[in-house]
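Sequential numbering of the sequence shown, starting at 1, is according to my numbering.
Everything labelled a hint here was simulated from the structure, so no lab data went into it.
Errors might be hidden in some of the hints.
Lysine-lysine pairs mimicking DSS-like chemistry, simulated, CA-CA at most 25 Å apart [stated by the list, open to error]:
(1) 18 to 54
(2) 18 to 59
(3) 12 to 59
(4) 12 to 54
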Amino acid sequence: MGTEMHQQWEYKTLEPPKGLTKREAVDPTDELNRLGAEGWELAETISYDGGGTKLLLFKRPVSHE
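Required output: the full structure, derived from the provided sequences and hints.
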């Protein structure tokens, strides 16, 4: 029998920033690039029933350092 390790993940959510009207999302490119540089990968979006993105879900491998 092998001692195979399974990949473990950690997760983070980000609420897309809203503009002054609180209705339109502000471009989150800078924040997405920062998260990508930290090893986070967009895994899923969670939307409202009526449409529109509520949360962005990110994942990255757990570091065993």
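Verification of the supplied hints:
Proximity of residue 18 to residue 54 is assessed by CA-CA distance (about 11 Å); at most 25 Å being required, the pair is judged to hold. For the given pair, residue 18 sits about 23 Å from residue 59 by alpha-carbon distance, which is consistent with the 25 Å threshold. Distance hint between residue 12 and residue 59 is fulfilled; the C-alpha atoms sit about 6 Å from each other, no more than 25 Å. For a cut-off of 25 Å, the pair hint linking residue 12 to residue 54 stands: about 14 Å separates their Cα positions.
Checked against the numbered hints above, the structure violates none of them.
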